[in-house]
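S.K.: Kindly produce the complete structure, drawing on both the sequences and the hints.
Residue numbers (this note's numbering), protein chains in the order written: chain U, 1 to 196; chain R, 197 to 938.
Possibly wrong hints are sitting among the right ones.
What the hints assert, rightly or not - Taking beta-carbon pairs under 7 Å as the criterion, some of the chain R residues facing chain U (in silico):
hint : residue
1    : Leu-220
2    : Pro-417
3    : Glu-468
As the list claims (entries may be wrong) - Covered by chain R, according to a simulated footprint, are these stretches of chain U (three or more residues, beta-carbon under 8 Å):
hint : stretch
4    : 43–51
5    : 71–80
6    : 118–127
To be clear, the hints were calculated from the coordinates, so they are not data collected in a lab. Even glycine gets a Cβ: it sits at the ideal position worked out from N, Cα and C.
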Amino acid sequence: MRRVERRSGVSAWRLAAAALSAALLLHAGDAPADEGIEVRNAATRLQGGIWFLDADIAYRLNETALEAIESGLVLDVELTIRLTQRRRIIWDPTFAELKQRYELQYHALTERYIVRNLNSGEQATFGSLAAAVEQLGTLRSLPIIDDALLSRGERYFIAMRAVVDIKQLGGPLALIRFLWNDWRIVGDWVQWRLDR
Amino acid sequence: MATGSLKRWSLATLALLGLALLVLALLFLASTVENADRFGEIYNWIFMLNLAGASILLAIIISNLVRLVREYRSQVPGSRLASRMVAIFIGLAVLPLGLVYYFSVQFISRGIDTWFDVNIEAGLGDALDLSRATLESRMREHLDATRQIADSLRGRENRELATQLEAMRRSSGAIELTVVGQSSRIIALSSERSITELPGAPTEEVMLQIRQGRPFVSLDPARDGYVVRAATAIPSMHPLDELRILHALYPVPERVGLLANSVQEAYAQYRELSFLRAPFTRSLTLTLTLVLLLSLLMAVWGAFFFARKLTAPIQTLVAGTRAVAKGDFDTRLPMPARDEMGFLVHSFNDMITRLAGARELARQSQQAVESQRAYLAVILGRLSTGVISLERDWRIKTANEAAGAILGVDFEDAIGRPLAEIAGDRPLVQQLIDVGQGHLEAGDYEWREQIVLRGEAGRRVLMCACSALPGEDGEPGGFVVVFDDITALLQAQRDAAWGEVARRLAHEIKNPLTPIQLSAERIRRRFLEQMSDDDAQVLERATRTIVQQVEAMKEMVNAFSDYARAPDMEIVSVDLNHLVIEVAELYRVREIPVAIDLSLDPLVVAVEADAGRLRQILHNLIRNALEALEGQDDAVLRITTRGTEEFELRAVFIMVEDNGPGIPPDSVDRIFDPYVTSKPKGTGLGLAIVKKLVEEHGGWVEASNRAEGGLRITIALPADEDARSAMLRREIRASEFRRAHA
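M.R.: Shown next, in the form of structure tokens:
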């Protein structure tokens, strides 16, 4: 992995609005340092004309998320992988975007944690949350793009971000999800150059 | 007016926009209740709409509040009422809203709490445990079965396993049996599932537990129910043999699976709800708070709006009333609406119209009265007759100029004061009051009388009449005193009589005098020589006496003749000072032991007068003074001239003063009458002639005793034709001059 950069992925005004609302309505504390999503390492490799991604992501769930999953709520995990074309003057356009979506759920009867890959439909169960989260964070040989689609001489960057969200709720609870920021754990964008 | 209306419309539009935004935000919010994704999409819009709407309303409310406070402090009409109404409206809105809000929050909180019951939770937990226990016994059975299969596979070669497994799977009822090697390598597999489906390989968790020497069993939720996953190591014949693991998947009967699923779902739902209870309550409370906030803002703005709307006609009425109080009767208030307030405004407008009409009538009447009064004032002002109107208590109500001139009082400052108060040092007024009091005490309110008043400047004869003004209870409401100064008239009558006497004397007496004188002289000439000395002496004395007396009588008759004669005036420009010097020089002779002192005003240059008459006036005055000073030591005669342009008229004063004995006070007003003299010598016509000549010029003369002793005779003469005309017409009275030069 080369030159990994981090940048904020939340639109500034929405953050400001949410912060204002939160400040007005609640006393939302800052997230402790041992919570959040961290991309420990990520690398892209070209194999057989296809770019693959290997990454290890550490999901450190906050208390609300842990409580939610123990209560049987489904956690949505969305991994966004974005390929951008670097320009010199104007902004970088998104060349391609891939979203990997997972669900993490606790099954009380079997006392098992279920991890579902919503893209592939695969499902695996784990006896512990740590094992399930470890499995979620282990990304191996995820195909990203066909190299033939990329232009020669252009520079491309890969950006990746993970978001853990308590499963979308309807009605008044939707408001909560936007106003109480511990219901949504948003990782930083991590970016590196596609080394060709 | 147009700007104010535009501003009001702009504010109302803004407020409605704010309301619309808030309502729109609420509608958006309501539309998202069933669709969380939609909420995510329009969340920003909802937030911005809320913020914008609330900001607009809040700004308008603050602006209204500031305006109201400012108006309240400035005590703008209607602001107190508006404040009270705003407070009442807000109170009326806040109280029910607050109550509804409080009970709603309580209802939400308690209502949601009632969903959760300890018994239900415990029951669900028990059901879950029961299901789990049931399934666990099944799991144990399957694990035991798996162990038995594994034991039966002990020592079997890998290649034999495939056939063995199939038979064992069928006999055990498993879905799938798999034998895997050290690194999860599948050695043998028997499955009832499709060949395309990958075998459910043991996970790292399974492998780890087996390596630790413990068999693995778990109940895994599958897409269409549950499967029991069991794994155990296949006992080896030799310790160095490769570790082989038997991994088996057993089905859970559909009925059991469905029941277990039902329990699981119920339990999960309950737990989920339990978890969401607090956020759900908070969320509902927040939504309710937003609605309350919106309602409150709307209510407060509505309170301001309606208070202003209701007080606006009152403010207009107050402004109209104030305008009317200031005398602006052109004010017409705009009709607010066809309601009670409109009726009030209509009545107000009607009243103002009537008031304006009444005021116009009053103004016209007042104008007519003023006009009449001014007309009367002009007439009274031009009258030579003095007119004074008095209150019942003798306070002066009005007095014309002639009254002031006759009585020597400036009535302009005396209006409203009692007549007696201003009579203090004015004997003429006091005498008039005395006469009036006499009549009043006798109950005589209507009287007419010729009154003789005596003052410093002589006698005044007034023809005075008094009339009572109508009053209440038969008592007079006041008096009007009308009086005319007839002194000059009487004097003129007297002068005319004396003139007639003089003419007759001249005619009747002078004619026989010459024959008497001639006869006496003839007798003397004829008989003087024929008589004896004694008789001749007698005759001589007798005839001389006759001739002398006849001469004296001639002189007297001539003097009368001079008095009566009135030759035509020859008005020329005369240097008065020069004439005074010239005449005075004639008397500066050794035989006359009197010091003649001249004090001449250099400004007095030329006087248009009859030079002969002026000379005679000076001679007579000097002669009169010298006669008075005869035999007196340190006798001084002073002649003074002064010029004046008072009342825009050129006039001169000539004062002849001596330090002689003066004249008795009771003779002051008669000194200018013929044959009134205190001196042994003289004809008694000198001053009478002076007065006659001065009056022929249009001037006036008066005599007064000096405080330090002696007599002062003052003559005022017009210096030009204009002044003479004015003074002849008596436009300027002597008393006015006197006052001006006091």
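S.K.: None of the hints should be skipped; say for each whether it holds.
M.R.: Hints, one by one, checked against the model:
{"no.": "1", "hint": "Leu-220", "in the structure": "16 Å, violated"}
{"no.": "2", "hint": "Pro-417", "in the structure": "5 Å, holds"}
{"no.": "3", "hint": "Glu-468", "in the structure": "5 Å, holds"}
{"no.": "4", "hint": "43–51", "in the structure": "violated (count 0)"}
{"no.": "5", "hint": "71–80", "in the structure": "holds (count 3)"}
{"no.": "6", "hint": "118–127", "in the structure": "holds (count 5)"}
When each numbered hint is compared with the structure, violations occur for hints 1, 4.
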